[in-house]
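So the protein lines, in turn, are chains A and B. The first sequence runs contiguously to residue 125 in the numbering used here. The second sequence runs contiguously to residue 1158 in the numbering used here.
Since the hints were made in silico from the structure, they are not lab data. Wrong hints could be hidden among the right ones.
[As the list claims (entries may be wrong)] If you want the ones that stay clear, here's a sample from chain B, every Cβ over 10 Å from chain A, calculated: (1) Glu1015; (2) Ala1035; (3) Phe1043; (4) Gly1062.
[Unchecked claim] Facing chain B, according to a computed beta carbon distance under 8 Å, are these residues of chain A, among others: (5) Cys58; (6) Leu60; (7) Gln64.
Cβ atoms here follow ideal geometry from the backbone N, Cα and C, with glycine treated the same way.
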Amino acid sequence: MSEAKATRTVTVANPDGLHIRAASLIAKLTGQAPAKVELIKGSQRVDATNVLQIISLCALEGEQLLLEATGRDADAVLEMLARLFENKFDEDEVGTGEPATQHKPPPGETCRSEAASDGDLSPGA
Amino acid sequence: MKFADFVVSEAIRAELAAQNKEGVIREMVQALKDAGQIEEDEFESIVKAILKREELGSTGIGRGVAVPHTKHPSVGRLVGNVAISGGGVDFDSLDGEKVHLFFLLISPPDRPGDHLRALENISRQLRDDTFCRFLKQSKTVDDIQQLLDEADNDQFGS
C-alpha cells in the first residue's frame, strides 16, 4: 500500500529570501511532523528538516518551491508550511533583527544552482 | 559566490579565545576591524546588530556550525570571516550541541542576495563531511585558508 503523498507550490515572499531563520522554522515544523517533507527547487530536492540543506536552495524572494510530503498527515503539514510562507515567516511582526531597508533585488539576481546530491547533512555527523 | 569573494583572509582565526556567544561575536568583529574592513566607530553598532539578530533565533544551525550575521550600512560589500573554537562554544544551537566552526557575515542592506549566496556556498560546501571535519580540526590560519581555496576549486565532493 503506497503512503499518502501531498504536494503544494509556494512562493518565497520574504525580501531576504529563505534565510537561516526561515529555514529554522521550516525545520522545526517538519521535524515534529510524522510525514517526510522535502522542498524542491528546479532539480534540487532537499530534506525539509535540515537547515543547511534548505539554505543550500538559495531561494530568493519571488521564487517558487514545490513542497512534497509523504506519510501520515501529509496534507496537514503542508498546510502549516504554506501558511509560514504566506506569513513571510512572521518577519513583518518580529522583524529581521537588522536595520530596516528599502530595496529590491537587482534584476536578474540569481544564485548558483546545483543539482541536489544525496549528501547527508544529519546533525551530529 | 566563492569563499574568496567574501572571506577576509587576514581576519581568519584558528583558535578563538572567547568562550561564550557574545565573546565570539566580539572577537570575530574585532578581527575584521583589525583587518581594516570595518571602522572603529562602527564596531559596537555592528556587534549590537549581530547580537540583536541572535535574539530572534540562534544562528547555530547544527553540526557544530554557526553563522552569526547582520546587514549594516557601513559596509559596501559583503565581508566575512571564519573562526574555529577547539573547545566549542555554547551558541544555543538548534541541535543543542556546541559550535566549533563560525562564519560571520556582514552585508550591505541593499543586496540581500549576496548574503543568501554566501549562505548557499557555506551550506553547499559543508555537505561534504571531509571538508566539514577538516575545517573544524584546523589548527592554523593557513590550514583554514587552504581548505577554503580547495573548496572554491571544487576539490571536495559538494
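Against the structure, the hints:
1. No beta-carbon of chain A is positioned within 10 Å of the beta-carbon of Glu1015/B; the least distance is around 23 Å.
2. With a cut of 10 Å on Cβ distances, Ala1035/B stays outside the contact zone with chain A, its closest approach being about 22 Å.
3. Consistency note on Phe1043/B: stated as away from chain A, and its beta-carbon is indeed over 10 Å from all of that chain's, at 16 Å minimum.
4. Distance check on Gly1062/B: its Cβ comes as close as 4 Å (rounded) to a Cβ of chain A, failing to clear the 10 Å threshold; non-interface status is violated.
5. For Cys58/A, the suggested interface contact is upheld, since its CB lies about 4 Å from the closest CB of chain B, less than 8 Å.
6. Taken as an interface hint, Leu60/A checks out: its beta carbon lies about 6 Å from the nearest beta carbon of chain B, inside 8 Å.
7. Interface restraint check for Gln64/A: the shortest CB-CB distance to chain B comes to about 16 Å, outside 8 Å, so the restraint is violated.
Comparing the model with each earlier hint shows violations of hints 4 and 7; every other hint is respected.
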